[in-house]
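Using the sequences and the hints, build the whole thing.
In case you want the letters, here they are:
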Amino acid sequence: MTPALTPISSPDWSMLSLADVDPFPSYDELRRRGPLVWDPGMNCWLAVSYHACKITESDEETFRIMYVDASPKTLEINGGATGVSVMTGEKHAAMRRVYLKLLSPSAMTKYRVDHVLPVINDAIDRFQKRGGAELVTEYAQAIPERVMASMFGLPWKDDALVTQVAEWHKDIVAWIGMKNAGGELMQKAQHASDKLNELFLPLVLERKDKRGDDFISLLWSQGEKDYPGLGVTEVLHNTRDSAIGSGETTANAIANAVYLYLTNPEARRAITNDQGATLNVFVEETLRLLGSVQWRFRVANHDVSVLGVSVKKDDVICNLHAAANRDPEHYSCPHALDLTRKAPNDHLALNVGPRLCAGMHFARLLMREGMKGLIERLPELRLDPSMEPPRFRNYSHRSYGPLNVLF
Amino acid sequence: MSVIRDAGLNITAQCGGCAACATCHVYVEDEWTSKLKPVSDVEDAMLDIAEERQENSRLSCQVKLTEDLDGLTVRLAPGSGF
Ligand code: HEM
Ligand code: FES
Numbered sequence: 065m066t067p068a069l070t071p072i073s074s075p076d077w078s079m080l081s082l083a084d085v086d087p088f089p090s091y092d093e094l095r096r097r098g099p100l101v102w103d104p105g106m107n108c109w110l111a112v113s114y115h116a117c118k119i120t121e122s123d124e125e126t127f128r129i130m131y132v133d134a135s136p137k138t139l140e141i142n143g144g145a146t147g148v149s150v151m152t153g154e155k156h157a158a159m160r161r162v163y164l165k166l167l168s169p170s171a172m173t174k175y176r177v178d179h180v181l182p183v184i185n186d187a188i189d190r191f192q193k194r195g196g197a198e199l200v201t202e203y204a205q206a207i208p209e210r211v212m213a214s215m216f217g218l219p220w221k222d223d224a225l226v227t228q229v230a231e232w233h234k235d236i237v238a239w240i241g242m243k244n245a246g247g248e249l250m251q252k253a254q255h256a257s258d259k260l261n262e263l264f265l266p267l268v269l270e271r272k273d274k275r276g277d278d279f280i281s282l283l284w285s286q287g288e289k290d291y292p293g294l295g296v297t298e299v300l301h302n303t304r305d306s307a308i309g310s311g312e313t314t315a316n317a318i319a320n321a322v323y324l325y326l327t328n329p330e331a332r333r334a335i336t337n338d339q340g341a342t343l344n345v346f347v348e349e350t351l352r353l354l355g356s357v358q359w360r361f362r363v364a365n366h367d368v369s370v371l372g373v374s375v376k377k378d379d380v381i382c383n384l385h386a387a388a389n390r391d392p393e394h395y396s397c398p399h400a401l402d403l404t405r406k407a408p409n410d411h412l413a414l415n416v417g418p419r420l421c422a423g424m425h426f427a428r429l430l431m432r433e434g435m436k437g438l439i440e441r442l443p444e445l446r447l448d449p450s451m452e453p454p455r456f457r458n459y460s461h462r463s464y465g466p467l468n469v470l471f
Numbered sequence: 074m075s076v077i078r079d080a081g082l083n084i085t086a087q088c089g090g091c092a093a094c095a096t097c098h099v100y101v102e103d104e105w106t107s108k109l110k111p112v113s114d115v116e117d118a119m120l121d122i123a124e125e126r127q128e129n130s131r132l133s134c135q136v137k138l139t140e141d142l143d144g145l146t147v148r149l150a151p152g153s154g155f
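In the order they appear, the protein sequences are chains A and B. With our numbering applied, the first sequence covers 65 to 471. With our numbering applied, the second sequence covers 74 to 155.
Hints were generated in silico from the structure; no laboratory data involved. Hints are supplied without guarantee of correctness; some may be wrong.
Each computed DSSO-like pair below joins lysine-lysine, with the alpha-carbon atoms no more than 30 Å apart [unchecked claim]:
1. A:Lys118 - A:Lys406
2. A:Lys174 - A:Lys234
3. A:Lys259 - A:Lys272
4. A:Lys252 - A:Lys165
5. A:Lys289 - B:Lys110
6. A:Lys155 - A:Lys137
7. A:Lys234 - A:Lys118
8. A:Lys221 - A:Lys234
9. A:Lys221 - A:Lys272
10. A:Lys377 - A:Lys118
11. A:Lys165 - B:Lys137
12. B:Lys137 - A:Lys272
13. A:Lys118 - B:Lys110
14. A:Lys221 - A:Lys193
15. B:Lys137 - A:Lys406
16. A:Lys252 - A:Lys137
17. B:Lys137 - A:Lys155
18. A:Lys274 - A:Lys259
19. A:Lys155 - B:Lys110
20. A:Lys118 - A:Lys174
21. A:Lys118 - B:Lys137
22. B:Lys137 - B:Lys108
23. A:Lys174 - A:Lys137
24. A:Lys165 - A:Lys155
Ranges between beta-carbon positions, derived for each pair [what the hints assert, rightly or not]:
25. B:Leu142 - A:Gly340: 43 to 51 Å
26. B:Gly144 - A:Pro453: 25 to 33 Å
27. B:Gly154 - A:Pro89: 32 to 40 Å
28. A:Pro449 - B:Asp117: 52 to 60 Å
29. B:Leu82 - A:Pro392: 21 to 29 Å
30. A:Asn328 - B:Asp117: 41 to 49 Å
31. A:Leu371 - B:Asp143: 31 to 39 Å
Every residue, glycine too, gets a C-beta built ideally from N, C-alpha and C.
Here is the structure:
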């Protein structure tokens, strides 16, 4: 039987059949089979319940990240063995504190003015006179790519450079999303990693002695205070880690926010009228309903029962945040965009537990400012009915597109 | 932390209680500070991330509520409100 024809109730069904199609009806059906369901195609458990995801992500003693078992080559391609997202234990905690300080709520004021608003205004300037645009490539993807280039002190208006960096990151993300598989995906990822090191290493070396207020200089300065033994390796790996962690994640999240804004007139009115608290809830509902990164993997350190399901030592669990974020046991009317939802940020799109997204305040800043830019400057914004309608595209990182608009 | 959230106050508390985000930072009213268990090393390190740390700063997710803490009063610190 081909994967697409296998019913979800069958033990042979695999999530692989959901690439490029709306996965949410399938997640609801899958949940009927239990909080964790074995996926023979992905060769792992799919955790579809909110509580199952929260349990596995909050307990690193029992559930390790996949990078613990990764080969040195895999770690190198990912960005390097001392990147915060691949380290564990006290080293992870110490590097994490460096990030949390650099990306704290109070740091956002300066980043907003220096890096975020110039990029957003420039992005809109580029297409405003045309009367139409494709907002996934020209806005949602462009914003994090250019903002991070600006943060690193790179020439963010150099489109060739920024696009190339984004392509390299895409090649690596595609390989990570498939559990760091071998073959062609790995070869492309290796090439991309080498190129990114060629780009970033000279900057890391230069800023060791010549500090500015760019993110690489800040990693040096804060890291020297808080991370014992910080050197070129650590700064390079964490430049790479922050670059890859911020790009596709935020691009998909912004695209999803724009899609919901364009297709929910009531929510649109509400956030147009209140670009403070209501917009903030809208951003959280976007993250909950559509997310960005759809899942994260964990591995069981020993035999363990998760909500009554027996998971064996070394079994891989795919924490399917996108499904968990619509778990009716945790959310009332889980499929509804609800701007009055209690505790709106109580979702898993940014993870939960000791590895919660260290860039969460920055991610929210980009999403909120991205929406404000469109609300303020393109009040007539609407989907172009003559163009291909948006679909929930891709697989491990997803968003609605294309977003062909008129204004 | 969960009590604050359940009461309907907008606390970020994004890591869900793992002392890993510092977005559940609160100030404990003076008369209660001595009644709480002391700050652990992990909490202390994370409180250093928190904005405007004070003597009476705590991560609310690390305060285990017991009967003798009935009446405990805390204020949300900057950076922890959602
Ligand atoms: C909406 C956009 C974003 C989403 C949905 C997102 C999501 C996530 C998720 C799910 C993780 C956990 C990975 C795991 O444990 O397996 C994570 C970790 C991380 N993210 Fe984000 N992220 C976003 C934006 C950003 C930005 C803008 C930055 C930095 C500027 C960033 C930096 C990081 C870092 C450094 C980690 C590793 C944290 C650790 O291991 O302690 N992220 N993110
Ligand atoms: S909830 Fe994250 S530190 Fe308390």
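**OP:** Give me the numbers of the hints this structure contradicts, sorted from smallest to largest.
**Re:** Those not satisfied are hints 4, 12, 20, 23, 25, 26.
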